[in-house]
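Engineer: Read off the chains here:
Number of protein chains: 2
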Amino acid sequence: MEEKLNELKEIQGTLTDLGNASAVLNWDQETYMPPGGVESRGRALATLARMAQEIGTDEKVGKLIEELEPWAAEQDPDSDDARLIVVSRRGYDKAVKVPPEMVAERAMLTSQANAAWREAREKSDYSIFEPFMEKIVELNQRYADLFKPYDHAYDVLLDDYEPMMKTEDVKKIFAEIRPKQVELIEKIAASDQVDDRVLYKFYPEDAQIEMGDEICRAIGYDFKRGRQDKVHHPFSTNLGYGDQRITYRVDENFFNPYIFAALHEAGHAMYEQGIPKSLSRSILYGGTSLAIHESQSRLWENLVGRSQPFWEWYYPKLQQRFPEQTEGVSLEEFYKAINKVEPSFIRVEADEATYNLHIMLRLEIEIGLLEGSIQVSELPQVWNDRFESYLGIRPKNDAEGCLQDVHWSFGLFGYFSTYALGNLVSLQLWEKIKEDIPNLDSHIRKGEFGQLLTWLNEKVHAHGSKFYPQDLVQRITGEKINGDAYIRYLNKKFGDIYGL
Amino acid sequence: MEEKLNELKEIQGTLTDLGNASAVLNWDQETYMPPGGVESRGRALATLARMAQEIGTDEKVGKLIEELEPWAAEQDPDSDDARLIVVSRRGYDKAVKVPPEMVAERAMLTSQANAAWREAREKSDYSIFEPFMEKIVELNQRYADLFKPYDHAYDVLLDDYEPMMKTEDVKKIFAEIRPKQVELIEKIAASDQVDDRVLYKFYPEDAQIEMGDEICRAIGYDFKRGRQDKVHHPFSTNLGYGDQRITYRVDENFFNPYIFAALHEAGHAMYEQGIPKSLSRSILYGGTSLAIHESQSRLWENLVGRSQPFWEWYYPKLQQRFPEQTEGVSLEEFYKAINKVEPSFIRVEADEATYNLHIMLRLEIEIGLLEGSIQVSELPQVWNDRFESYLGIRPKNDAEGCLQDVHWSFGLFGYFSTYALGNLVSLQLWEKIKEDIPNLDSHIRKGEFGQLLTWLNEKVHAHGSKFYPQDLVQRITGEKINGDAYIRYLNKKFGDIYGL
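One line per chain: the protein sequences are A and B, in this order.
The numbering used here puts the first residue of the first sequence at 1, with every later residue one more than the last.
The numbering used here puts the first residue of the second sequence at 1001, with every later residue one more than the last.
Any given hint could be a false lead.
No more than 30 angstroms apart at the CA atoms, straight line, and that leaves these computed lysine-lysine pairs for DSBU-like [unchecked claim]: (1) K63(A) to K1060(B); (2) K317(A) to K340(A); (3) K1446(B) to K60(A).
Since the hints were made in silico from the structure, they are not lab data.
Produce the complete structure using the sequences and hints provided.
Structural biologist: And the structure:
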């Protein structure tokens, strides 16, 4: 059996290598590749993807898993090897259901759709993107049908990003928190508004990068196993064990985008940096789901990075670095500024109180499109109506409205809800952390993040993708994913800031 | 037949993709990869190499070539398709002779040998490297034996870098030029020496890079299909059609290393940039041999970059850029400074008059080691003796002596002579270019390089690796590779400079 297990691990090691190679090619494409390389890079990536698919869906893999299952059933069910077989079975069964032609079709369609989306967005004209959106919805429907029977077609799509998570669960969670978030936002809108002019001074790029470097180092992002580079749209990426990079963009006239994205991406990267080497050449390597990943990035971005203790530590340093920009602005005022609540059209720049509403809107529309209760042609109208009812403002055009996010143009359906789920999980973890590290705030006030990171390493990162998200959250917090902690957090934090 | 041809091309396209992916991974490793990534990067590269070998030596490939050969024999023998089959046959027959275990053995040995060489060089102690050198010589001997019968074991190694080139030919060429170069160097040594202090002023890194950028753009290196990045040891690399990058290092206290290496690497990259897209996914993509590649890099570095017309164009700009450093130094004096002849221990920094002697020494030693007429244990002694007899100076230690170059530690035998052959070819081409573009000097004096690059594009680059090096040189110049033009060039140029 050991021989067979090693054979399976050998194959997964090869798949890891191909995945890492693709990650390097993608990273380079976003950072340094000259424009002339577009076509050949696309071909190289397609070849790597095709080979990975061939190797991963080879009958030999299915046979190995089948032979190993009885043996794995006798092992400690939480052991790496037992979980390896369980997770491999799931991955294999999903992968073999998708015909290679559909993979190729998706690649072709989304490459055209993405180009159309860019043009449509630039011209703020949904009609340019609409025919591609039709095809994308249709393709996702067909994709879901490969996995029949299902309770809901959307389950199939969601499951690709949140293993074992059900649409019904997500809807229930969102239904509970939505009225509470809407209520909070209405109360805030009726209060005295926060002055955030300090954020719109001129912050030179170099000085921002130095600050980000200092902060990321302090929270525990390891630059010996990473680096930060400039891109159009920030992301983090795992290029192989020991190499987790983050990227950035800088707005010199707005303080927030660089530093909070840096904290966010460092949070993702630190998750991957925390996964043990023993898992690094198997299917258990990498974060277990997008929501759990997002729980890490949002924890560092918001629960740490937008907290009062954090700025008690860093605001004096910030004042030293940017004396003119911060002149006459107290810590309290700065803290309120970076936490200003204000409904806006841009999801990625949304504050903590409104963010989830952006997600719920998208989830409902995705489900409606799949079910056929929303037509692709009426998307702008539906988007704007629902946006207004949730956030109290109405997009002026398609660019501000349904063309805002890139995801659909890449064919990604079922992805958005993981962002909101991640927010919720970050608070479930945070309440547990506060129990386990009672003096956490005083650590953060001194710029000490070691205990926090160690906790995350041990409770979350160490498992790689051994445990599915609901199971992992249950193991750590005793509860399944839910929004109670998040609502408690929002009410307390913004109650204090807005004196509600 | 068309179907079979397409099938073969499809496979070669896949191999191109894998090669391009490896090039990206290697480039990243030398430029930006954090130290933590070493191990996983090594594994990813090994996997890509293994897959390429598996695909390239698959029996299916041999069968396709066999089936296509009769058809190819009826095509125009100079057509892309006919040459594709001929070159594929050669590549396949070579590749299948090498057992995968030997490829793995070589990878393992050279990775250890390279580490030992670094330590040995640092400590200037050959004994640290000697046991690995023993194994490397033995491995190369065994490798050569896979290709028995041969005229000379060294033929097999040389053929990997210079297709169809024979050891006897190289020895004959070198035997003719050696006494002439030695004589010239002796005459120069007896003349008034050149004052090159201008080169040892402080030249700030940023200003050097800007200069290099300006010059590389002017000669025709296309930054839309390339870029330059900082590394320890400069190189150029092809990351896929439309993406040929160069790299640099800067010595702020010595003018030469940056700019001449930039011209050199741009020369390599422009060769690859000039190969037509129609060849870009086949075995005919890429330069045809190392010597032909070197003819391009040395042409731009030396025949253009160390020429008087070139500095008639650029020296006024240089004076503007570096007014203090060049103060009181005339164009004539600057031109002499960058062409100063002085025997030294470092091959890569050698002047045009002494360079080839560094190579001949290495070639003779490689042949001696393979034949057994030189023992690995006596390498330092043999190196120093021969160095002194060729160049008139004797290395003080192993670091200056036989540990100077990295090549042997990578297992590369048969590689060095291509550097000298490239020098010779560059002059054979240059004499032809001067015939075809009679007013070339006046173009260069105006900073116009378009006609020169077009000539190289048409005569050399356009063919990719369709024609083997000797054949290509014969087609262009009417002669096989020889040193006559090079000796004429050296005598004229350095005769003028040193008033011989």
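Engineer: What hints, given by number in increasing order, does this structure fail?
Structural biologist: Result: hint 3 breaks, nothing else.
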